[in-house]
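Engineer: Residue-level listing of the chains:
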Amino acid sequence: AQSVSQHNHHVILSEAASLELGCNYSYGGTVNLFWYVQYPGQHLQLLLKYFSGDPLVKGIKGFEAEFIKSKFSFNLRKPSVQWSDTAEYFCAVNARQAGTALIFGKGTTLSVSS
Amino acid sequence: SAVISQKPSRDICQRGTSLTIQCQVDSQVTMMFWYRQQPGQSLTLIATANQGSEATYESGFVIDKFPISRPNLTFSTLTVSNLSPEDSSIYLCSATGGAVNTEAFFGQGTRLTVV
Chain A
1 AQSVSQHNHH VILSEAASLE LGCNYSYGGT VNLFWYVQYP GQHLQLLLKY
51 FSGDPLVKGI KGFEAEFIKS KFSFNLRKPS VQWSDTAEYF CAVNARQAGT
101 ALIFGKGTTL SVSS
Chain B
115 SAVISQKPSR DICQRGTSLT IQCQVDSQVT MMFWYRQQPG QSLTLIATAN
165 QGSEATYESG FVIDKFPISR PNLTFSTLTV SNLSPEDSSI YLCSATGGAV
215 NTEAFFGQGT RLTVV
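Sequence lines, in order, name chains A and B.
So in this note's numbering, spot 10 of the first sequence is number 10, and the numbers just go up one at a time.
Each position in the second sequence, counted from 1, maps to that position plus 114 in this note's numbering.
Certain hints may be false.
Okay, the calculated beta carbon distance ranges per label pair [to be verified]: (1) A:S114 to B:S195: 38 to 48 Å; (2) B:V229 to A:S14: 38 to 48 Å; (3) B:T144 to A:S70: 24 to 34 Å; (4) B:S195 to A:H43: 18 to 28 Å; (5) A:S80 to B:T170: 42 to 52 Å.
These are computed hints drawn from the structure, not numbers from a lab.
Model, not experiment: these values are computed from the prediction.
Even for Gly, the Cβ is constructed at its ideal location relative to N, Cα and C.
Construct the entire structure; sequences and hints are all you get.
Structural biologist: What follows is the structure, encoded as structure tokens:
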């Protein structure tokens, strides 16, 4: 069965600090990988996605993630966070087969102080 | 992309009653799913809504408690039956196309409070 582990439950940063959120997955086959963000009081939004090709993917708002197949990891990064990045971040994976559901990690709460 | 509308956006229900949540997608999609997000928790998959047949439930979720319908490619309902305070959660509808490399889209969620 698939599973997703997010290492950091709550991360607290000051503005302009760099961010890296860890995500590891467990699955025996080929996967698609995603990061979603949920701002306070809002619904889920897709930050970025990886299907195939270049393992370094860039998303919205300056976020990027790197897929390292050998480590089953898909860590999210941002060089300089802003107060507006305060949100819940979810890593998700699904099997690269037609129509499979996403499996989510437990989420990481990011709090950025100005 | 697909736009998903969920109704109601929130509700407060008495224990022992039921709530039916509607999910409408603006385009034909292959797969529809229902998730639960309990307070402070991540999203847990409840079931896959299959068009014209019974939903496929994940471990820990049963049809009697969470009956699901999907009469066509763009519409699904989730009913949460015999409500208890433990059912207080956000329920989300998700949809995706049939390709192997397609993203999932989410509704805005239904916030259910059981009193």
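Engineer: Each hint should be assessed against the structure and marked as holding or not.
Structural biologist: Each hint tested on the structure:
no. : hint                         : result
1   : A:S114 to B:S195: 38 to 48 Å : holds (46 Å)
2   : B:V229 to A:S14: 38 to 48 Å  : holds (40 Å)
3   : B:T144 to A:S70: 24 to 34 Å  : holds (32 Å)
4   : B:S195 to A:H43: 18 to 28 Å  : holds (25 Å)
5   : A:S80 to B:T170: 42 to 52 Å  : holds (43 Å)
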